[in-house]
Amino acid sequence: MTLNDYSRLMIPEIEKALKSTILKDIPDPFPGLKEMMNYHFGWLENGKSQKSQGKQIRPIILLLSNSICGGDWKKALPAAIAIELIHNFSLIHDDIEDQSDLRRGRETLWKIYGIPQAINTGDAMFSLAQINMLKLGYEINKQIGFDSLQKLNETCLHLTGGQNLDISFEKETRVSLDRYLLMIGGKTAALLSASAEIGAITALTSESNRKALRNYGNALGLAFQAWDDWLGIWGEEEQTGKSTSSDLITGKKSLPILFALDKGGDFSRIYLSNGVNQENFHELLFLLENNGAKEFTENIAKQFTDTALKSLEEIKVSDQNAFQSLLELTDLLITRKN
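The working numbering puts the first residue of the sequence shown at -3, with every later residue one more than the last.
Simulated from the structure, these hints should not be mistaken for laboratory data.
Beta carbons are placed, not taken as given, at the ideal position from N, Cα and C, and that holds for glycine.
Wrong hints could be hidden among the right ones.
[Unchecked claim] Simulated DEER-style distance windows between Cβ atoms:
#1 153 <-> 5: 25 to 35 Å
#2 68 <-> 207: 20 to 30 Å
#3 166 <-> 68: 42 to 52 Å
#4 93 <-> 139: 32 to 42 Å
#5 278 <-> 204: 47 to 57 Å
#6 134 <-> 15: 16 to 26 Å
#7 270 <-> 4: 50 to 60 Å
#8 291 <-> 269: 23 to 33 Å
#9 108 <-> 68: 35 to 45 Å
#10 278 <-> 142: 54 to 64 Å
#11 262 <-> 70: 55 to 65 Å
#12 97 <-> 312: 43 to 53 Å
Between the sequences and the hints, there should be enough to build the whole structure, so can you do that?
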């Protein structure tokens, strides 16, 4: 089986379970809550049902990790649903905090329903994630349910800690690379790490397999974000869906920009004195690439990718097809164009 084969099997089951938990676990007297969740997931547009646009990356990593370690991925579905709910809970709140109008080419939940309702919907998703993780007690055993739930909540603290740093960076002129990596370790890498590790937990595998997958997910998340930062400046607009060099235009403190600021020189002087405007944009873009920021970001992404792949080599593999599919997914994530 290939990654496409697994995706064709897993994604319909993931979406079926997501729709089921929204329909059945949210009490019937609250249809508005269900409507808002269905809109956010892309299943509802102007009152009409739609096909989801979600990639389900984190649930698939969890289910593949489970299979690699000899588990039955269908029994791990509640954990995969919990991970996807937490991911989307964080997206809803991030969109509010960042004042983002669009997500996946559609208006964000808060733009349609208002900030209070969007916050409330995100909170409800958080609760649904807890409920689904506890369902592992019926699918596998109670201890696995508790262990997975503990890991999920520890991860949420890293997520919110990373977001806390990210928001605080907006008021800081300079941010060290170490602090930036700490931030993305919480905001991006923590949930990918938890996805892989909970896959191992639900397979009842060894502690060494669990550690290897935890380390894999963390390194993958750091590589993923480094590459995302590269795309935010040098990605093709038709591929990313964002204007060329959008991160430079908006003043986002991404990896290449922080590298260039740390080096000093003309980029740092102009950027800190005048910011980015139409007159200096092309000059700043040239200086950014000329001082090595592009190559530096590529190298960081490669280093973390290599670390992720080395962690996978430490796993005692029970399912080679699932293992090869996870390798394929890893390659796709760090060579993607959007």
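Okay, the hints, checked on the actual structure:
1. Against the hinted window of 25 to 35 Å, the Cβ-Cβ separation of residue 153 and residue 5 comes to about 33 Å, which satisfies the hint.
2. Separated by about 22 Å at the C-beta atoms, residue 68 and residue 207 satisfy the suggested range of 20 to 30 Å.
3. For residue 166 and residue 68, the hinted distance range of 42 to 52 Å is satisfied, since their beta carbons lie about 45 Å from each other.
4. Checking the proposed 32 to 42 Å range against residue 93 and residue 139 shows it holds: the Cβ atoms sit about 36 Å from each other.
5. The supplied range of 47 to 57 Å is met by residue 278 and residue 204, whose beta-carbon atoms lie about 52 Å from each other.
6. Separated by about 19 Å at the C-beta atoms, residue 134 and residue 15 satisfy the suggested range of 16 to 26 Å.
7. Taking 50 to 60 Å as the suggested C-beta distance range, the pair residue 270 and residue 4 conforms, at roughly 51 Å.
8. Take residue 291 and residue 269: their Cβ atoms lie about 25 Å apart, and the range 23 to 33 Å holds.
9. Look at residue 108 against residue 68: about 39 Å separates their beta carbons, and that is inside 35 to 45 Å.
10. One distance hint, 54 to 64 Å for the beta-carbon pair residue 278 and residue 142, holds here, with the actual separation near 56 Å.
11. Take residue 262 and residue 70: their Cβ atoms lie about 57 Å apart, and the range 55 to 65 Å holds.
12. In this structure the supplied range 43 to 53 Å holds for residue 97 paired with residue 312, their Cβ-Cβ distance being about 47 Å.
When each numbered hint is compared with the structure, no violation occurs for any of them.
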